[in-house]
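Participant: Top line first, the protein sequences correspond to chains H and B. Going by the working numbering, the residue at position 29 of the first sequence is 29; the numbering climbs one at a time, nothing skipped. With the second sequence counted from 1, adding 1000 to any position gets you the working numbering.
In short, the hints are calculated from the structure, not lab data. Fair warning: this is a prediction, and the values are worked out from it, not measured in the lab. A virtual CB, placed ideally from N, CA and C, is assigned to each residue, including glycine. There may be inaccurate statements among the hints.
[Unchecked claim] No more than 25 angstroms apart at the CA atoms, straight line, and that leaves these computed lysine-lysine pairs for BS3-like:
id : chain 1 : residue 1 : chain 2 : residue 2
1  : H       : K149      : H       : K81
2  : H       : K22       : B       : K1022
3  : H       : K81       : H       : K47
4  : B       : K1022     : B       : K1047
5  : B       : K1081     : B       : K1047
6  : H       : K47       : H       : K22
7  : H       : K47       : H       : K149
8  : B       : K1047     : H       : K22
9  : H       : K47       : B       : K1022
[To be verified] Derived coverage of chain B by chain H (criterion: at least 3 residues anywhere in the stretch with Cβ under 8 angstroms from a Cβ of chain H; other residues may be distant):
id : segment
10 : 1106-1112
11 : 1161-1168
[To be verified] Examples of chain B residues toward chain H, derived with CB under 7 angstroms:
id : residue
12 : L1011
13 : Q1015
14 : G1103
15 : L1133
16 : K1134
17 : G1137
18 : L1138
Number of protein chains: 2
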Amino acid sequence: MQIIESASGLLSETQRYRRAGKTIGLVPTMGYLHQGHLSLVEYLRPKVDILITSIFVNPTQFGPSEDLDSYPRDATGDLNKLRAAGVDIAFTPELADMYPERGEVTVTPPTLATRLCGASRPTHFAGVCTVVLKLFGLSNCTDAIFGEKDYQQLQVLRAMNRQFFLGINIHGGPIVREPTGLAMSSRNAYLSARERELALCLNRALREAQQLFEGSRKRKEHLSVERLRTHVLSGLPLSEVGVALDYLDIVDPTTLEPAETLNADTRVILALHVGKTRLIDNAALID
Amino acid sequence: MQIIESASGLLSETQRYRRAGKTIGLVPTMGYLHQGHLSLVEYLRPKVDILITSIFVNPTQFGPSEDLDSYPRDATGDLNKLRAAGVDIAFTPELADMYPERGEVTVTPPTLATRLCGASRPTHFAGVCTVVLKLFGLSNCTDAIFGEKDYQQLQVLRAMNRQFFLGINIHGGPIVREPTGLAMSSRNAYLSARERELALCLNRALREAQQLFEGSRKRKEHLSVERLRTHVLSGLPLSEVGVALDYLDIVDPTTLEPAETLNADTRVILALHVGKTRLIDNAALID
Chain H
1 MQIIESASGL LSETQRYRRA GKTIGLVPTM GYLHQGHLSL VEYLRPKVDI LITSIFVNPT
61 QFGPSEDLDS YPRDATGDLN KLRAAGVDIA FTPELADMYP ERGEVTVTPP TLATRLCGAS
121 RPTHFAGVCT VVLKLFGLSN CTDAIFGEKD YQQLQVLRAM NRQFFLGINI HGGPIVREPT
181 GLAMSSRNAY LSARERELAL CLNRALREAQ QLFEGSRKRK EHLSVERLRT HVLSGLPLSE
241 VGVALDYLDI VDPTTLEPAE TLNADTRVIL ALHVGKTRLI DNAALID
Chain B
1001 MQIIESASGL LSETQRYRRA GKTIGLVPTM GYLHQGHLSL VEYLRPKVDI LITSIFVNPT
1061 QFGPSEDLDS YPRDATGDLN KLRAAGVDIA FTPELADMYP ERGEVTVTPP TLATRLCGAS
1121 RPTHFAGVCT VVLKLFGLSN CTDAIFGEKD YQQLQVLRAM NRQFFLGINI HGGPIVREPT
1181 GLAMSSRNAY LSARERELAL CLNRALREAQ QLFEGSRKRK EHLSVERLRT HVLSGLPLSE
1241 VGVALDYLDI VDPTTLEPAE TLNADTRVIL ALHVGKTRLI DNAALID
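Given the sequences, and given the hints that come with them, work out the whole structure.
Facilitator: Here it is, written out as structure tokens:
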């Protein structure tokens, strides 16, 4: 595995591969890799000639009071995992490689980035879109993959790819869960034992939504969006100390606009503060 | 020459060329082609395998009180000129091809877009950057060319290309002038005979700046930025009815920040209203 630190180094390498007609896959990460990330590598590995994983904790997608400084890191462990997973190039830029100038051009994300996570993190998706567009440029990728855990991010990036006509195949990687059902996240490292217990409510809420929907379908009963939402909401432990709802929404899977009716693809998506940690999760009504 | 109207049609065609290892050149235009545009075609033609010229009057780069509705058009004449110039593909999209969705992602241009023309046209360069990024995506271009007449635009797009790591070779095409010295522009079509006479002052101002600089150099005299600016300004016919200065600046050729000292590359750049028409021009202190 080649480790490339400089932006210009990656650009010249990937331009050479593209000229030679190779397909290039990109797995962008912020490091501290877990099985969720590695499942994205495994998914894309057989689909492309050259597989690149980037490790870059991108400051522009963190808000001023967020966890940029404490975001967990494990450079050596990450590289070992990527090597074992058959990655060709690990791209590990410094801040000045990614943002070399002052007053740089940025991406203003599509409207769908203003909902859900965008409502409580107003600058987040501008940072994500900008850094991902830069990574697309540097990697010359034909394919890229993003986890469905960050479901809104996936849809925002798909919209960017479509609307800017970037022509990249954007893949969504299924959520990987711990045996308890907790969606894997680097931020789970922040959780105390009690918080980890409380955090199971996110996945539980999604399963309850699926069960209610499935039951209504079987009994051929109409289930309204509002009844589903009320039911899921009532199952969340919002009276527990340290648990606070950011949002719980039932949305169209592409536009992320509030669903008007329910179907198998309708997405249930939620964000919850557990202690100082903000956790997100989502699922389709039928997996 | 192939005429392609649909975005998806162009994208599939250019992806095929790129996979085959061809170089692709893009000449973006808003049509009503004159020798200025054709000189860009001539410049890029021998440098690339496939040459694409786009004709699209992009509404997002016009301000609300600007000349979008009256912008001159000549579809048939344009296609004949491109055919004669050896263009491979003329891309003539409709509005809905370029902007198919609501609430789309946009580019927020770099800081250097806020100066000069950006000060009086605050949304202009966001529109330019967004449409050009879309055209870059659709054309899969390895090379693109923009005229130096829109000098700030050229520098803004170079910054976008550099900062987003697009890896495109951006060429600047020298200004083409009428025998009178007036820089060619589709907007010259708006000028009355008297206005056309008055409009010669832009080029004259640039030549005066060059002569003053050249003379000072020969005599080894120091010439300050302020003295140069005052001299050029005093030569403009600002007391004439219908003539109004937008800006006259002496700037660093890359950052477009005000120059502190003068050298051969220092750029003199100005914008002037003549009647209802806004005209721009620029030159280096030594051509």
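Participant: Now look at each hint and say whether the structure bears it out.
Facilitator: Status of each hint after checking the structure:
no., hint, result
1, H:K149 to H:K81, "20 angstroms, holds"
2, H:K22 to B:K1022, "14 angstroms, holds"
3, H:K81 to H:K47, "19 angstroms, holds"
4, B:K1022 to B:K1047, "11 angstroms, holds"
5, B:K1081 to B:K1047, "19 angstroms, holds"
6, H:K47 to H:K22, "11 angstroms, holds"
7, H:K47 to H:K149, "21 angstroms, holds"
8, B:K1047 to H:K22, "24 angstroms, holds"
9, H:K47 to B:K1022, "24 angstroms, holds"
10, 1106-1112, "holds (count 7)"
11, 1161-1168, "holds (count 6)"
12, L1011, "6 angstroms, holds"
13, Q1015, "6 angstroms, holds"
14, G1103, "3 angstroms, holds"
15, L1133, "6 angstroms, holds"
16, K1134, "5 angstroms, holds"
17, G1137, "3 angstroms, holds"
18, L1138, "5 angstroms, holds"
The structure shown violates none of the earlier numbered hints.
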